[in-house]
Every structure is written in structure tokens, then in C-alpha cells.
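Peer 1: Each chain, letter by letter, is given below.
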Amino acid sequence: MAYGTALAALADPTRRAVFERLSGGPLSVGEIAADLPVSRPAVSQHLKVLKEAGLVRDEADGVRRVYEVDPRGLAELRSWLDRFWDDALAAFKAEVERSPQPRRRKKTR
Amino acid sequence: MNATTAPAYIEPVRRTIRVQAPAVRAFDVFTAGMFRWWPATHSINPTKAPIAEIVMEPRTGGRWYERGADGSECDWGRVLAWEPPLRILLAWQIDAAWKFDPSLVTEVEIRFEAQGPLATEVRLEHRKLDALGETAPGMRAIIDSASGWSGLLERYATEFSSP
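Respectively, the protein sequence lines represent chains A and B. This note's numbering numbers the first residue of the first sequence as 77 and each following residue consecutively. This note's numbering numbers the first residue of the second sequence as 5 and each following residue consecutively.
Be aware that a few hints might be false.
Unchecked claim - Quick list of in silico lysine-lysine cross-link-like pairs, DSS-like style, CA-CA up to 30 Å:
(1) A:LYS124 - B:LYS132
(2) B:LYS52 - A:LYS169
(3) B:LYS52 - B:LYS132
(4) B:LYS132 - A:LYS169
(5) A:LYS127 - B:LYS52
Don't read these hints as lab results, they were simulated from the structure.
Use the sequences and the hints to build the structure in full.
Peer 2: This is the structure:
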């Protein structure tokens, strides 16, 4: 597939678990690894892939590094829906206005 | 140090359009007539059968599903509120591999406000989108679907994969 990274990043179940772990807020590699049956280096590797896919971002928090869901990635999802509804509503409007109006009727209510 | 600790929150998608038709008609076309305007390519039926019909059962608690030309049915969600001709609230429950998933709930609310005998303002809000971001399957569904729908994913992926 041509649209590699984001899709591929979440196709791996362990990586998906790492990503889901972050839905409650930022965590360090150690905190993530503590909850999963995976080594720290493996978690780091998964985080690297998620980061490259735009799904998470990292930041220094004092001496440690924490990872969190990247809102820009989520914003991208939202903007996709935004465009989806634009298209759908435009088609809806066209249909409402295109089809013959029902026979003109007297006020019924 | 806690500047980034807020949980992810996705703003609802809000859209307003005006249509030149009575509210009753706008409501009817949106619901019973959905098949007439819903982009035919936006099917989620795993059988890949073309959409023969989109059914929104006209009652609170009703199903919302597509029926394929092969007779198969594929759920999209549920009718959470049915208040003709003013309002519909739908549960949009589309999950991994672009399938119906009752555990995933985002809401689509559509309000119809008459602004004259032949003018209606239609306001749509797609909300509780965090459900998409919080579960990877939901997120993947969106990504998957974009690929099949309109190539928007190409754009999406390019942003992340370009060197």
C-alpha cells in the first residue's frame, strides 16, 4: 500500500497496545514497559515508529522523556471527517434542491 | 511541566448549510432518502456489494445500516433520537477494518430549522470523536476508510512519510 506509515504503525498489536496506553496521558518508556510484557528497548522501538507515523510525540520532562498522543495526528483525523461531511452535505443539499418538490400542498400542520 | 498532560480532545466537526426546501422535506431526504445522496463509494459492506439501500429505521433505537445489492446488511450505527422534522441523533459506530462496532460510539446530530416555507438551516455536529483517537481500531478504521474512499489518505500519509 502506498500510504504506509500511519496504517502500518497501528497494524502491530503490541504497538497498538503501546499507543492505547498513552490515551490516558503522557508516560515515560519505563512506565509503558512496566505495563506490558515487552522490554524497554522494544517499547522504545515501537514509540519511534509511532512518532514517525505522526501518532505520538515526545518531550523532555525534567530528566526523563515522556510520550503522548500527538494531537496533530488526531486533528488530521478530525479534518478528514470535516471534509467527509462537507462532501456528504453538499450532495445532500443538491438532492434536496434537485428532486422535484412534492406536490404543493396545503398547510398540514 | 504539566503543559502537555491534558488528555487528547478532538473538537466536534460542525457544519451548517441552508437548503431551499421545507424542513419536513429536508428531514425526509436526509433520513428516508439518504441513499439518494450518500456518496455511493462510501460503503463499508465487507461483501463489497454496491449499496442497494441505506436504511435508517424511523424510530429512537432503530438500526442504521446499508443493504447491499447482494441482499447483505451491514450496520453503521443506531438512531439515538428520532424527532421529525427537527432533529436526529445517530450513533456512528464504525470500527477496525471499517466494520460496525457496538463498543465504539461517536454521535452525529442533525438539526433542521425552518427559516421560511422553502428554506431550512441544517446543522450537523459529529462529536465524541475522542473515541476514534482513544482506540487504535477506531483510528485505524478512519485511516482505512480514507484509503478506500477518496484518496484523502494519500494526503494524510504523505504528510507523515515524506522525508
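Peer 1: Could you run down the list of hints and mark each one as holding or not?
Peer 2: Okay, the hints, checked on the actual structure:
A distance of roughly 28 Å separates the Cα atoms of LYS124 of chain A and LYS132 of chain B; the hinted pair therefore holds under the 30 Å criterion. Between LYS52 of chain B and LYS169 of chain A the alpha-carbon distance is near 27 Å, which keeps this suggested pair within the 30 Å criterion. For the hint linking LYS52 of chain B to LYS132 of chain B, the alpha-carbon distance of about 28 Å falls within 30 Å, and the restraint holds. About 25 Å separates the Cα atoms of LYS132 of chain B and LYS169 of chain A, which keeps this hinted pair within 30 Å; it holds.
Annotation: proposed proximity of LYS127 of chain A to LYS52 of chain B is violated, straight-line Cα distance about 33 Å (limit 30 Å).
Checked against the numbered hints given earlier, this structure breaks only hint 5.
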